[in-house]
Amino acid sequence: MDDRRRAADQSGQWSNDHGQNAGGFFKAIGAIVWKDLRAEFRSWELISAMLVFSLLVILIFNFALELDIKTRQSVTAGVLWATFAFAGTLGLNRSMALEKDRGCLDGLLLAPVDRSAIYFGKFFSNLAFMLIVEAIVLPVYSVLYNTNLFQPGLLLVILLGSVGYTSIGTLLATMSVQTRARDILLPILLFPVVFAVLLAAVRASGGILDNLTIADIAFPINLLITYDVIFIAASFMLFDSIVEE
Amino acid sequence: MITVNKLVKRFGLKTVLRGMDFAVQPGEFVALLGPNGAGKTTFLRILASLSRPTLGEVNIAGFKLPGEASQVRARLGVVSHLPLLYGDLTAEENLRFYARMYGIANSQERITEVLEMVGLENRRRDLVRAYSRGMQQRLAIGRAVLHDPEIVLFDEPYTGLDQDASSMLDVVLKTVAAQGRTVVMTSHDLARAEELATRFDILSRGVIAASATRRQVKKTNLLEFYKQALAG
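For the record, the sequence lines run as chains A and B. Quick note on numbering: the working numbering labels position 9 of the first sequence as 9, and the sequence is numbered without any gaps. One rule links them: number in the working numbering = place in the second sequence (from 1) + 1000.
Hints were generated in silico from the structure; no laboratory data involved. Bear in mind the structure is a predicted one, so any value in this text is a computation, not a measurement. Some clues are possibly wrong.
Here are the simulated EDC-like cross-link-like pairs (lysine to aspartate or glutamate), alpha carbons at most 16 Å apart as the crow flies [unchecked claim]:
| id | chain 1 | residue 1 | chain 2 | residue 2 |
| --- | --- | --- | --- | --- |
| 1 | B | 1219 | B | 1189 |
| 2 | B | 1014 | A | 101 |
| 3 | A | 100 | B | 1195 |
Partial list, computed: chain B residues near chain A (C-beta under 8 Å) [said to hold, decoys possible]:
| id | residue |
| --- | --- |
| 4 | 1048 |
| 5 | 1050 |
| 6 | 1051 |
| 7 | 1055 |
| 8 | 1057 |
| 9 | 1073 |
| 10 | 1078 |
| 11 | 1080 |
| 12 | 1083 |
| 13 | 1087 |
| 14 | 1093 |
| 15 | 1097 |
| 16 | 1103 |
Each residue gets a CB set at the ideal place from its N, CA and C atoms; glycine is no exception.
Produce the entire structure from the sequences given, and follow the hints as far as they go.
Next comes the structure, spelled out in structure tokens:
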């Protein structure tokens, strides 16, 4: 084995410093995203749960509120983000539970890569799942509430809000999945932290739907961008200490 | 190959490892035996860099833990009683994923080699969730040696396996050891440990209570040695 290993090291077949270079870092992120998407598109376990939940929430709001067209438009931003937030919690929980239940999180942590690569891999996967669900929910919502949601500004706000929500959500889901009360713990941890993102997202979305000027909605959008940067930076720094015993 | 000095691990107020010393030479197959709660899994998790020592020194293949964990992980394979595999991926996809994580170039060739070694070449395109427990454990060993590690850690690899699966795992474990790797295995199964290991260390109350080579144990027997170590 030693000879094989030595020869492999010399030929570059096995890279011991995989985790130490930028190429390895990005390859690891890509590998995790590939693995998550491949597994999900085979089972549809996570997206289908998020999607069914989202559609049910929208339907319940639709029938419960019984609003006229004008009032419906005024509650759109709130209903939309409440739906994304609750469905997102389901997805984050399930995504990390799949890693934990078969010991796969340990498998990831055993790889010789910088552990922040694992965080970013899971973050991009979770973001992809959330965006897929949102892409399906938006047209359904548009039809049910008779509101055009396909506005570039609104799509940008949804992207920014989803990035903020998923970045901190991935970190907190990694933390909560290691406890017995993970299903209950994640929303308890997540919602107080992500409240500011949701508030900014609702304000920005509402402003766009009300056709306010860019100057009027600049503040919540800037706030969203700031939260995104802070949450990603904080998660990048904290992930290693969260996953280590 | 592995040197551990005065290792202490505490979880809150509970001390699991109490100044443990341990050393393994290259190519040795060490069976780490002990009752439940002795700290075997905790110790293996520290060696695997999954857990941080509270006090003490851990040196693996010339690299210190936790400071040089990335270099240690590149030289280490781990098999636990959980498979660390994704049920919704095929065996080949699981190995391809881990090959990417370990930065293995020409992974296809290596994946085929590993699948042949664990006897799953003809099931490579089956989803892992359709595998039996024994097959999953064999694939888990394939995953652990995919990057050709110098050291392999086995944590209770026989847990949940029936006789046939255990016998097949024996063959794979012997193959792994015969390739010149250094192996540390925790187990409750004294008979299997006796058959496979070249050295036996008994872990009791957070320290190595006794250590003996296969030759030394042959004079008595492993069960007697084990009982004496725990009694002492």
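Do the hints match the structure? See the list:
no. : hint               : verdict
1   : B:1219 with B:1189 : 20 Å, violated
2   : B:1014 with A:101  : 25 Å, violated
3   : A:100 with B:1195  : 33 Å, violated
4   : 1048               : 6 Å, holds
5   : 1050               : 6 Å, holds
6   : 1051               : 4 Å, holds
7   : 1055               : 15 Å, violated
8   : 1057               : 18 Å, violated
9   : 1073               : 4 Å, holds
10  : 1078               : 6 Å, holds
11  : 1080               : 6 Å, holds
12  : 1083               : 6 Å, holds
13  : 1087               : 7 Å, holds
14  : 1093               : 6 Å, holds
15  : 1097               : 5 Å, holds
16  : 1103               : 3 Å, holds
Violation of the numbered hints given earlier is confined to hints 1, 2, 3, 7, 8; the remaining hints are satisfied by the structure.
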